[in-house]
Amino acid sequence: MFEIFPREIVNYNLEESRMRKLFWVLLALLALSFVLTACGQPTDEPTDESTEPTQIIVGTTDSWSSFESAWVYSFHDWEITHQCADGLLNTTPGSAGEVEYALAESYDVSADGLTYTFHLREGVTFPNGDPLNADAVMFTFDRIGPVDAELGENAGFLFTAYVDSYEKVDDMTVSVTFADVFPFAPQLIATNVWKILNPNQWSTGPDEENTACGIGPYTIESFTEGEELIFVRNESYYGTPAETDRVIVRYFADSPTMALALQNGEIDVAWKSLSPADFDALVGASGITTEVAGGTEIRYIVLNAQTPPFDDPNVRLGLAQLINREEICDLGWQGIKLPLYSMVPPGFLGHLPTYEGTEDVEAGKALLAAAGFDEDNPLVMDLWYSPTHYGDTEPDVAAVLKQQLEASGVVQVTLQFTEWAAYRDAGRAGELPVSLMGWYPDYLDPDNYTNVFAHSPAAWSGSYYSDARMDELLDAQAGELDVDARIAILEEIQTYWVEQTPFIPLAQGKLLIAYADDVSGVVLDPIANLHYFLLKK
Amino acid sequence: MSPGLRRYIVVRSLLTIPMVLILVTLVFFVLRVMPGDPALAILREGASEEQLAEFRATLGLDQPLHVQYFDFLFDLMRGDLGDSMTRNRPVIDEIMTFFPATIELAVFSMLITVIVGTFAGAFAAQFRKSPADYTIRVISIILYSLPIFWVGLMAQMIFGAKLGWFPVSGRLDPGMTPSYTITGLYTVDALLKGDWSLLLDALHHLVLPSLTLGLVLSGIFIRLTRANMLDVLEQDYILAGRARGIRERVLVYRHGLRNAFIPIVTLMGLQFAILLAGAILTETTYSWPGLGRLVVDRIYDRDFSTLQGSILFFALLVAAVSLFVDILYGFLDPRIRY
Chain A
0 MFEIFPREIV NYNLEESRMR KLFWVLLALL ALSFVLTACG QPTDEPTDES TEPTQIIVGT
60 TDSWSSFESA WVYSFHDWEI THQCADGLLN TTPGSAGEVE YALAESYDVS ADGLTYTFHL
120 REGVTFPNGD PLNADAVMFT FDRIGPVDAE LGENAGFLFT AYVDSYEKVD DMTVSVTFAD
180 VFPFAPQLIA TNVWKILNPN QWSTGPDEEN TACGIGPYTI ESFTEGEELI FVRNESYYGT
240 PAETDRVIVR YFADSPTMAL ALQNGEIDVA WKSLSPADFD ALVGASGITT EVAGGTEIRY
300 IVLNAQTPPF DDPNVRLGLA QLINREEICD LGWQGIKLPL YSMVPPGFLG HLPTYEGTED
360 VEAGKALLAA AGFDEDNPLV MDLWYSPTHY GDTEPDVAAV LKQQLEASGV VQVTLQFTEW
420 AAYRDAGRAG ELPVSLMGWY PDYLDPDNYT NVFAHSPAAW SGSYYSDARM DELLDAQAGE
480 LDVDARIAIL EEIQTYWVEQ TPFIPLAQGK LLIAYADDVS GVVLDPIANL HYFLLKK
Chain B
0 MSPGLRRYIV VRSLLTIPMV LILVTLVFFV LRVMPGDPAL AILREGASEE QLAEFRATLG
60 LDQPLHVQYF DFLFDLMRGD LGDSMTRNRP VIDEIMTFFP ATIELAVFSM LITVIVGTFA
120 GAFAAQFRKS PADYTIRVIS IILYSLPIFW VGLMAQMIFG AKLGWFPVSG RLDPGMTPSY
180 TITGLYTVDA LLKGDWSLLL DALHHLVLPS LTLGLVLSGI FIRLTRANML DVLEQDYILA
240 GRARGIRERV LVYRHGLRNA FIPIVTLMGL QFAILLAGAI LTETTYSWPG LGRLVVDRIY
300 DRDFSTLQGS ILFFALLVAA VSLFVDILYG FLDPRIRY
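Going down the list, the sequences are from chains A and B.
Count the first sequence with numbering that gives the first Met the number 0 and you get residues 0 to 536, in order.
Count the second sequence with numbering that gives the first Met the number 0 and you get residues 0 to 337, in order.
Keep in mind that the hints were calculated from the coordinates and are not lab data.
By construction, the Cβ of each residue, glycine as well, lies at the ideal position given by its N, Cα and C atoms.
Please note that the accuracy of each hint is not assured.
[Said to hold, decoys possible] Residues from chain B that face chain A, not an exhaustive set, calculated with beta carbons under 7 angstroms:
{"#": "1", "residue": "D74"}
{"#": "2", "residue": "A160"}
{"#": "3", "residue": "S168"}
{"#": "4", "residue": "A272"}
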């Protein structure tokens, strides 16, 4: 028979028939995806509000690291626990570090100010029905130190570094004795590591993927890493019930996608961290509300007090006087920060803006002249920054600072930068004479903005500042239980801070949030945790 | 399987070992010579020197570099990628959490690449030097040269934010994550379970990311297919077919394309590595929770162990696909003898 094609090609074609079928199946699947998805467009049909559970979707670019409350040390992990686990005391929403009773209905403080005796609420149960009692509190406290140590010490110090001992007094009473008198003890007790866990749901060792949480307005229904975390209302919660049945946390890789998702109606709230550009784009957008509030983050300059000429307080203050904070916030941080005139941010106990009015170029030049620096003999210095750790604006901030310092004519600045890990290495080793840094507080008290920085030896920050008078004042405020007396000491510290200028406060972070117009209950406060249980629509 | 092919597979597989070893060594030492102490990057600010030292000792970072290296190799030979420095769980668990999302995106993107690339290339070859040919060639160059993240951003803005046709992020709508996991590929799991709403939702979310990645990679396929088709369409059997009066469409798409497809299969293997690299950018743009996002996150965390494990996993995957394609080539083209 006559053959058009060689036999081997025909056979080859027959062998390929399966591939051809597979190809068409895959093509059909792809086409189906378009058809099905076109059919799957969301509808605007009204739903029966009486039966449909209410739901709010919160977007974030933060990432989860662990559910282990004894160890986690990031705002997002703390925010998760904040929704589903209470402590003996909780921070009051909308306040700058004030606390309120939570699982404890009251507490007594011993005459020496060291021992706090907590009386637990009667009749409170964990979501699984187990009762809250002193055993649960003791179990929680017992595991903080070992768990934190085993996982690589992180947040556990907020308990272990301050508590001397604790004991069960009776079934509903627990006492905690602190190592010293700490006026900020209630703020410590309201931190994440002190959240009370259920002994029947948590192991004594690290339990990082345990979603049992504790007793809070919500419980965790499910968690898919990198995708979503679903909270459902805890129907047995002893306090005010959560406003919304379900809150879903949606994880994003970056701010632009999160902003687009809000505009596209995929999420109801775009939370931390919206970039300034994305936030600006959302301001005034149809159907979207934007809000700004002062946060707890502060930015400051570290001056190595052991390195000449920065060992001279006149030089440190002289440099501080050459700086214009408003301009840095506008040009460097593009409006996402507020000028900060004290290391203690506004709203905190004893805040006194002692750097206000010190921005005076001539006065700064005079101080530098007294230290031997003038137009003929300028102060030549390196200003270090980390280009990515604090966001994309950091090079601009450094550039504005350089311009301001050099405008005086008595300072010459060379900008230097390195990546964060190396930056921290060099800073701690005291190799960065002048560097830009930032701080989020561990607990909401002025002590955490002053004592941890300026008390000798001040090594971790790379400052190595040491001054007997400053140490004395810092110790005095840390041991003063009388609020008025403590405020007086804190004001004295902030006044003396200007004279010494161990660190130069620059700016306070802003919290940026954008949400759909039908969402209410957004309360921003220095805790920097969004209170999901207050959200509704 | 012929003895020659069997021998080829064994030799080809053995050659993968030194390749992986070189890569592992490079990754290990490059990560170690990078400035910065992981302990400082991972522990809280204010951690004491004692805490830092203890942390380094726990992770073995206080050991000499060569000791760390051989420990790493020894663990690797036992199939142990170690524990994540920042998550305190096995690296392989980290990888397996994020891998299904990447492979799902890669498969759908490759489908789009191959379908668009081969058909557009064959069409251009069939109508050589016509306006359609020139248009397709220009488009292929544009596609090839476009940055993936830009295409992704434009697609998000137009088809997501502006038209509202497709979601701009994630693998599923909020709250749609299934309670069951079979393969971790939502489309496959949905098919296996008959969960049509999940399938619909997963496909809806796949459209933009896979089109972004698939179209950008299709540029090179269009050009390769066109070039091969031009060669094939001048073969004697095509001429003979024309002489017999077989329709041109049948000649091109049934007989010509099939034979031009063999070098394209090889390219698919090579493109797989590029596909994974592109997936990293696409995953970031679409907040797609895949391996790319894992790697980017852990770079910021200075999590050496997860980074090493993920890069090694990528390398083994590319090597395996490359090996598979080489073997497939032998099966597809009967003229090849090993």
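Going through the hints against the structure:
Against a cut-off of 7 angstroms between C-beta atoms, the interface hint on D74 of chain B is violated, since the closest Cβ of chain A lies about 19 angstroms away. About 5 angstroms separates the beta-carbon of A160 of chain B from the nearest beta-carbon of chain A, less than 7 angstroms, and the hint is met. The interface hint given for S168 of chain B is met, as the beta carbon of that residue sits about 5 angstroms from the closest beta carbon of chain A, less than 7 angstroms. Below 7 angstroms, beta-carbon pairs count as interface contacts, and A272 of chain B has none with chain A, the closest being about 22 angstroms; its hint is therefore violated.
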